[in-house]
Amino acid sequence: MSPSVYVPCDSGARSLGADAVAKAIASEAKKRQLPVEIVRTGSRGLYWLEPMVEVTNSGKRLAYGPSTAAEVPALFDADFLHGGNHRLALGDADEIPYLKCQERLTFARLGIVDPVSLDDYVKHGGYRGLERALALSPEQVVEEVTVSGLRGRGGAGFPAGIKWRTTLQTNAPQKYVVANADEGDSGTFADRMIMEGDPFVLIEGMTIAAIAAGATLGYIYLRSEYPHSLRVLEAAISAAEAKGYLGENIFGSGKRFTLEVRVGAGAYICGEETAMLESLEGKRGMVRFKPPVPAISGLFGRPSIINNVVTLASVPIILERGGAFYKDFGMGRSRGTVPIQLAGNVKRPGLIEKAFGISLREIIYDYGDGTASGRPLRAVQVGGPLGAYFPESLLDLPFDYEAMAAQGGLLGHGGIVVFDDKVDLARQAHYAMEFCALESCGKCTPCRIGSTRGMEVIDRILAGRDGEKAGQLELLRDLCDTMTAGSLCALGGLTPLPVISALKHFPQDFGLEAVKT
Amino acid sequence: MTTETQWTTLNLGPQRQPSLMNHQHSWDRTVVESIAHALKDRPGALMPILRRIQDEMGWVPRDSVPMLAEILNLSRAEVHGVLTFYHDFRHEPPGRNVVKVCRAESCQAMGGEALAEHVKRRLGCEFGATRADGAFTLEPVYCLGNCACSPAVVINGELLGRVTPDRFDAAVATLDRNNR
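Respectively, the protein sequence lines represent chains A and B.
My numbering applies: residue 870 is where the first sequence begins, and numbers increase by one.
My numbering applies: residue 2 is where the second sequence begins, and numbers increase by one.
Just chain A, with the same shape it has in the complex (with noise of 0.2 Å):
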């Protein structure tokens, strides 16, 4: 047999040149005459280490990164086919510390598997979830998903178990079931990188979801800027068919479950479940009122189970360990692990599947080691566009939903972004409702035109002369309450989160002395 190469595929790997090397890869060994076989996999979640090449050496994963076409006949020098020592030689992927101290459990094939494989997936444990809930009546695979605790990995926070049950308790000739994909929020890629990466994990997790809901129809909304994606998720979804995952016989269970990809079109607001569902129907993609929530009348007016990726990535294990398994892990309300997406100014960026509870000092020093400019961290943005800015002094805050919403912020989609000192706020604040005009669907007053009004009232603090802050810094409170309370969806209701936040914590940006907030 001959040697495997395991050479990442994902977008962020091949945006480093792993293509480049992989192709270098085979026309090394094509040289030497050496026989080798590339696998294409994920990536592991290690960013500053790609592209990260492993070979298999005594049951073991030995990697080497961050590789370039350029070394690879050096590596070829070094026989790293056989574990050899170079520059570049990382040891056991597994045993790296920052792999090592994670619990991956929704994350667990990612890196490893080959994506579009469906007999790797099955090798390492696919399909098990789905074989069990096949077993169950749907009461109790919903029973399952409500026991784990698992809410909404989307930014919501619903807890999933409670959307089923009222799918799977409403009747309608047609119930769907739909993937929220569209990952918009900067510092974020979890999604992605499942869908890259481990995409039978999500078609698995809404199959069960279909199952248990009584749904025949499946649609992933993904966002336009993942091409990528697409191509992966079309390949993994025909493979399924073939084999008879998906389709009219599910598994032989008489079950029928068809999934399709629909791509959006650089619309930030249609992450939000309503204005997706509007774009799904080929419309402009407006929030909707709710009630009637979307599990009661959802895509074509029909009940509908909406997850984002990663919520339904996790439904596989629960259904295969059960859920008391995974709500062993977590802390509160908060249960399950959380993959932490840690991104901007930090030596070590990547993927960080955890259980609930770490620090957020914990992620961006023990994991992060600190800002990659090596000049001291000034701000870490959480959760997105709309979420808090946190100074310094508050990062030994939990990752957790309810102790970042106790600190005027939010958890989101797990992103964390961080800055250093050349960070300033005040422009950041700016920034926050800059995007939010940009990115309103125009329904609510407040959102559409609050958020212009906003930019101009932030212009006006930073130029005006001292004596004439106070009063404009009044009018943007208000117009931030304004905003909070008279928005239907959390992109006006939120935005204002990252706008007082900085104001709060790094008053001296927008030329002022502490003030109360």
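Calculated from the structure, these hints are not laboratory results.
Built from N, CA and C at the ideal position, the CB exists for glycine as well.
Hints are supplied without guarantee of correctness; some may be wrong.
[Said to hold, decoys possible] List time: in silico DSBU-like cross-link candidates among lysine-lysine, alpha-carbon distance up to 30 Å: (1) A:Lys1112 to A:Lys1124; (2) A:Lys1291 to B:Lys121; (3) A:Lys992 to A:Lys1196; (4) B:Lys121 to A:Lys1216; (5) A:Lys929 to A:Lys899; (6) B:Lys41 to A:Lys1124; (7) B:Lys41 to A:Lys1312; (8) A:Lys900 to A:Lys929; (9) A:Lys1152 to B:Lys41; (10) A:Lys929 to A:Lys1216.
[Claimed, not checked] To spell it out: a stretch of chain B is covered by chain A in this simulated footprint if at least three of its residues, at any positions, have a beta carbon under 8 Å from a beta carbon of chain A; those stretches are: (11) 50-59; (12) 86-98; (13) 106-112; (14) 143-149; (15) 154-165.
Following the hints, put chain B in place on chain A, whose structure we already have.
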């Protein structure tokens, strides 16, 4: 021996790029018509239709609105409303090369603003505009999901991470000389 198929199964070649070499606003009605007819029976058909027109032609002519409205039995206002809602749908043909620069927070934290200024100077083009000679269209994008490799840029569909001004210039230099 090396099995090329192992990693070519995912079609790793460059993404299909719109073949828009002329910069006149002429367009082929039959392309739009055949896309619309092929997809019109799918649920929520307007979005997949606009999406495919955009992907194949690189833009969606406003003049196609009446045709789409008729085929889908929608009002022109409805089609116009959808067409103008989404950032992806261009109303004019793009330049021969399309460059997108991420302007979102993670890239900002890694020098994205300075990179954006460099790109504007290098291409001689503002965001949201096409250079007068039609060589480049420069667009902002708000997160490419490559935040762990910030700052990120897309050149003709190819995603680049950890981009420095030098790396950007090198990538532009590899573009077909005739198209630059």
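TODO: Check, residue by residue, whether the segment 86-98 of chain B contains three or more positions whose beta-carbon lies closer than 8 Å to a beta-carbon of chain A, and give the verdict.
DONE: It holds, with 5 qualifying residues against the three required.
Open item on the list: So if I understand the rule, the pair passes when the alpha-carbon distance is 30 Å or less; does Lys1291 (chain A) with Lys121 (chain B) pass?
Closed with: Holds: Lys1291 (chain A) and Lys121 (chain B) sit about 22 Å apart, inside 30 Å.
- [ ] Between the segment 143-149 of chain B and chain A, see if three or more residues pass the 8 Å beta-carbon test, and mark the coverage as holds or violated.
- [x] Held - the segment 143-149 of chain B has 7 residues with a Cβ nearer than 8 Å to chain A, which meets the minimum of three.
- [ ] Assess, step by step, whether the Cα of Lys41 (chain B) is no farther than 30 Å from the Cα of Lys1124 (chain A), and give holds or violated.
- [x] Holds - the C-alpha atoms of Lys1124 (chain A) and Lys41 (chain B) are around 28 Å apart, at most 30 Å.
- [ ] Sort out whether Lys1124 (chain A) lies within 30 Å of Lys1112 (chain A), counting only the CA atoms.
- [x] 15 Å, holds
Open item on the list: Would the hint linking Lys992 (chain A) and Lys1196 (chain A) be met if the CA-CA limit is 30 Å?
Closed with: Within the cut-off at roughly 25 Å; holds.
Open item on the list: Would the hint linking Lys121 (chain B) and Lys1216 (chain A) be met if the CA-CA limit is 30 Å?
Closed with: This hinted pair holds, its Cα atoms lying about 28 Å apart.
Task: Restraint check for Lys41 (chain B) with Lys1312 (chain A), where alpha carbons must lie at most 30 Å apart - done: Between Lys41 (chain B) and Lys1312 (chain A) the Cα gap is close to 28 Å, so the pair holds against 30 Å.
TODO: Take a quick look at whether Lys929 (chain A) and Lys899 (chain A) sit within 30 Å of each other, Cα to Cα.
DONE: Holds, because 25 Å separates the two Cα atoms, which is no more than 30 Å.
Task: Within 8 Å of chain A's CB atoms, at least three CB atoms from the segment 154-165 of chain B: coverage verdict - done: With 5 residues close enough to chain A, the hint holds.
Open item on the list: Can you tell me if the segment 50-59 of chain B counts as covered by chain A, using C-beta to C-beta distances under 8 Å and a minimum of three residues?
Closed with: holds (count 3)
TODO: Mind checking the alpha carbons of Lys929 (chain A) and Lys1216 (chain A) for me, to see if they're no more than 30 Å apart?
DONE: Holds, at roughly 27 Å.
Comparing the model with each earlier hint shows no violations; every hint is respected.
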